[in-house]
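Number of protein chains: 2
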Amino acid sequence: MAMKKKPVTGMKDILPAEMRVRDYVIGLIKETYRGFGFTPMETPCVEHIENLCSKQGGDNEKLIFKILKRGEKLNLETAQSEEDLVDSGLRYDLTVPLARYYSNNVSQLPTPFKALQVGSVWRADRPQKGRFRQFTQCDIDILGDPTNLAEIELILATTTLLGRLDFKNFKVRINDRAILRSMAAYSGFPEESYDKVFIILDKMDKIGLDGVRAELLESGFSEAGVEKYMGLFQAMEGKEDAVGALNDAMEGQLDAAAAKNLKTIMENVRETAVSEFDIVFDPTLVRGMSYYTGTIFEIEMAEFGSSVAGGGRYDKMIGRFTGNETCACGFSIGFERIITILLDRGFQVPDAGQKKAFLIEKGMPAGRLCQVLKEARDEREKGVQVLTVTMNKNKKFQKEQLAREGYTEFKEFFI
Amino acid sequence: MAMKKKPVTGMKDILPAEMRVRDYVIGLIKETYRGFGFTPMETPCVEHIENLCSKQGGDNEKLIFKILKRGEKLNLETAQSEEDLVDSGLRYDLTVPLARYYSNNVSQLPTPFKALQVGSVWRADRPQKGRFRQFTQCDIDILGDPTNLAEIELILATTTLLGRLDFKNFKVRINDRAILRSMAAYSGFPEESYDKVFIILDKMDKIGLDGVRAELLESGFSEAGVEKYMGLFQAMEGKEDAVGALNDAMEGQLDAAAAKNLKTIMENVRETAVSEFDIVFDPTLVRGMSYYTGTIFEIEMAEFGSSVAGGGRYDKMIGRFTGNETCACGFSIGFERIITILLDRGFQVPDAGQKKAFLIEKGMPAGRLCQVLKEARDEREKGVQVLTVTMNKNKKFQKEQLAREGYTEFKEFFI
Chain A
1 MAMKKKPVTG MKDILPAEMR VRDYVIGLIK ETYRGFGFTP METPCVEHIE NLCSKQGGDN
61 EKLIFKILKR GEKLNLETAQ SEEDLVDSGL RYDLTVPLAR YYSNNVSQLP TPFKALQVGS
121 VWRADRPQKG RFRQFTQCDI DILGDPTNLA EIELILATTT LLGRLDFKNF KVRINDRAIL
181 RSMAAYSGFP EESYDKVFII LDKMDKIGLD GVRAELLESG FSEAGVEKYM GLFQAMEGKE
241 DAVGALNDAM EGQLDAAAAK NLKTIMENVR ETAVSEFDIV FDPTLVRGMS YYTGTIFEIE
301 MAEFGSSVAG GGRYDKMIGR FTGNETCACG FSIGFERIIT ILLDRGFQVP DAGQKKAFLI
361 EKGMPAGRLC QVLKEARDER EKGVQVLTVT MNKNKKFQKE QLAREGYTEF KEFFI
Chain B
1001 MAMKKKPVTG MKDILPAEMR VRDYVIGLIK ETYRGFGFTP METPCVEHIE NLCSKQGGDN
1061 EKLIFKILKR GEKLNLETAQ SEEDLVDSGL RYDLTVPLAR YYSNNVSQLP TPFKALQVGS
1121 VWRADRPQKG RFRQFTQCDI DILGDPTNLA EIELILATTT LLGRLDFKNF KVRINDRAIL
1181 RSMAAYSGFP EESYDKVFII LDKMDKIGLD GVRAELLESG FSEAGVEKYM GLFQAMEGKE
1241 DAVGALNDAM EGQLDAAAAK NLKTIMENVR ETAVSEFDIV FDPTLVRGMS YYTGTIFEIE
1301 MAEFGSSVAG GGRYDKMIGR FTGNETCACG FSIGFERIIT ILLDRGFQVP DAGQKKAFLI
1361 EKGMPAGRLC QVLKEARDER EKGVQVLTVT MNKNKKFQKE QLAREGYTEF KEFFI
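Chain order of the listed sequences is A and B.
One point on numbering: in my numbering, the residue at position 238 of the first sequence is 238, and numbering is uninterrupted.
Here my numbering = 1-based position in the second sequence + 1000.
Please keep in mind that the hints were generated in silico from the structure rather than gathered at the bench.
Certain hints may be false.
Straight-line alpha carbon distances no greater than 25 Å define the calculated DSS-like cross-link-like pairs of lysine-lysine that follow [said to hold, decoys possible]:
hint	chain 1	residue 1	chain 2	residue 2
1	A	K69	B	K1073
2	A	K5	B	K1316
3	B	K1012	A	K30
4	A	K55	B	K1006
5	B	K1069	A	K73
6	A	K206	A	K129
7	B	K1355	B	K1411
8	B	K1030	A	K399
9	A	K239	A	K168
10	A	K6	B	K1055
11	B	K1030	A	K355
12	A	K30	B	K1316
Produce the entire structure from the sequences given, and follow the hints as far as they go.
What follows is the structure, given as structure tokens:
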């Protein structure tokens, strides 16, 4: 039977050129994050279906690749619905498995636990350009540290990594859910409609202040409230100390602890960072996931439009899963996005050493072959990458192919 | 809802200590094999169900984790059998996806193509100690090289890797399916029962010559044939040049090309290897997979019983899948087995640098915190791994935990 040649819908084969960049970036990620005391760990790709469908994953729960039960547990005749057929699924993120891992292994882990995960996740999203159904996520999380040292270290580690990848002049935007809430409260919006307000606010970068105003009014919020709310954003515009300006505008009703916390984080990050970037308070930053409880942050690069990393504090989520409240804060880089940017840029992996190709004529007698192999061995021992390969009939084409793979030196051996 | 804490049956969480060893070994694998001109590549973990069930995978096809169709493609009412419910599954090896990858991307790959794959595979095997349903495979394959340069390079690369992991005095056993066949033919066994003969022969290391003789007789093979067959093995016993002795015993009926080929491979490997090991002709080596067409080989370490690597030439398989005949030869190391051996041995990852922990008292004022972070930054820039962490109430226990994680130096910062 002939095989289906293409990968399954929405997934992709990784060719050697991209693989070189991916391997290099993963190596740099692990090295950089290890330098900050993060510990690599791994969970299985397959997770209990109950854990995946626990309402922590939002819309991602609609996109699960579900795995059929096996053996006598699978009963097609009596199955009433999908749930009767499956017992597990592929993970759609690394956060749900981290919560399970932490509760399963907590006695063997240090507190706080600084976790580093690089792994594939799967979502049965509508296939579209640049978005795949299997993709790599890269998360760092600090579990069990309630202080802002967690935020500071997460931001320093992530920005150091981006700097080492030669990204410059990016911007870290930071906010706090408590600030979002106190601004909404000051404006007189009812608490139960905060989420609705924030969903509209989240569009600020696309539709601007006037667009947000119009949508809020359309959604039935009072004109007085909307104007008061808009006034707060206007009061901050162009101000060096935006947090201070906001506090003034709110007549002291800004959440003081959250404001001080943000200032401390920003100051410490600015003072100790090694990469070139800005960190700014952004009162319009919302971040979608409802599980965030405090600080939220994102990294944006003007030249590439959307964000390349995002995270925040989620002090309640692990407890909801495990029954033991555990504060937590995480930062996730958009690994696939960064790879795409690097490939588009024509990024060259810093050379791991010289690459030589030895082309050997077919039918080389055993003794002569041995000489060639010894020469290859000696080069390899010196750290040179040596490809020993049978010479093709079309030698010129073969060398062109190899040049594309990064081989710069060719040596031919004839009978 | 409380979460299920344990991983799904038969899969495991990887704790930091094991993860360090795995990361180190994977790094060494990639570095060593790249030195031999192998190119990392990757396929999706999910594969078309038709490709997985194409009868190339032997018994593994019974162990597939199958993935449910999604959306309107899933119709529970009209589904008659399992096949109607699924469209894909998790790969059970890296060879089937390699065949698909090669046929899908051949125009963009060099010929010959030296592929390196490290990746997870899944088999719904009965769970047992040391065997997991998700595990890592590590394969190197050379596609498109009909010469024994392929075998020689595969064996050199694999043995170099094992040497770098400090394995010594292991043994590479090598045979050829053609030799197996010509020995069976010489003994007068009917061709259609060769596989039955080889399955019994494969038990030689467990049941010995007498056991094999008894089983062959029990299976109904003629006494004359069985004695002739046994005589060949006896003729080789203790002989330095076993291939020569076999040829003499077979009165010149040994497959001459295969015999010469084995000799060339063994000579070249012996002459150019950098690690300490033996390579020996083993006429009892069978290897289970029926897709092998020529040379077969295995690496065995006396102290660990079973084999730690295996492979061979499979010139027909890719063609059966893709319609274009492509010769191929591969070698797979038992990654999980090697990790288990290293962990049992108490293997210590060669230090990637110093590890210091900075314990910071809770409530550190912003300015002082900044000083601590700068000190950490400067150490990190010098390559030291620095964990900055909030000091716990039980500082002694915290330091003990961190010492287990490899932290050798502690510095405390008080308010």
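A quick look at each hint next to the structure:
no.: 1; hint: A:K69 with B:K1073; in the structure: 19 Å, holds
no.: 2; hint: A:K5 with B:K1316; in the structure: 17 Å, holds
no.: 3; hint: B:K1012 with A:K30; in the structure: 21 Å, holds
no.: 4; hint: A:K55 with B:K1006; in the structure: 19 Å, holds
no.: 5; hint: B:K1069 with A:K73; in the structure: 19 Å, holds
no.: 6; hint: A:K206 with A:K129; in the structure: 21 Å, holds
no.: 7; hint: B:K1355 with B:K1411; in the structure: 11 Å, holds
no.: 8; hint: B:K1030 with A:K399; in the structure: 24 Å, holds
no.: 9; hint: A:K239 with A:K168; in the structure: 24 Å, holds
no.: 10; hint: A:K6 with B:K1055; in the structure: 19 Å, holds
no.: 11; hint: B:K1030 with A:K355; in the structure: 15 Å, holds
no.: 12; hint: A:K30 with B:K1316; in the structure: 40 Å, violated
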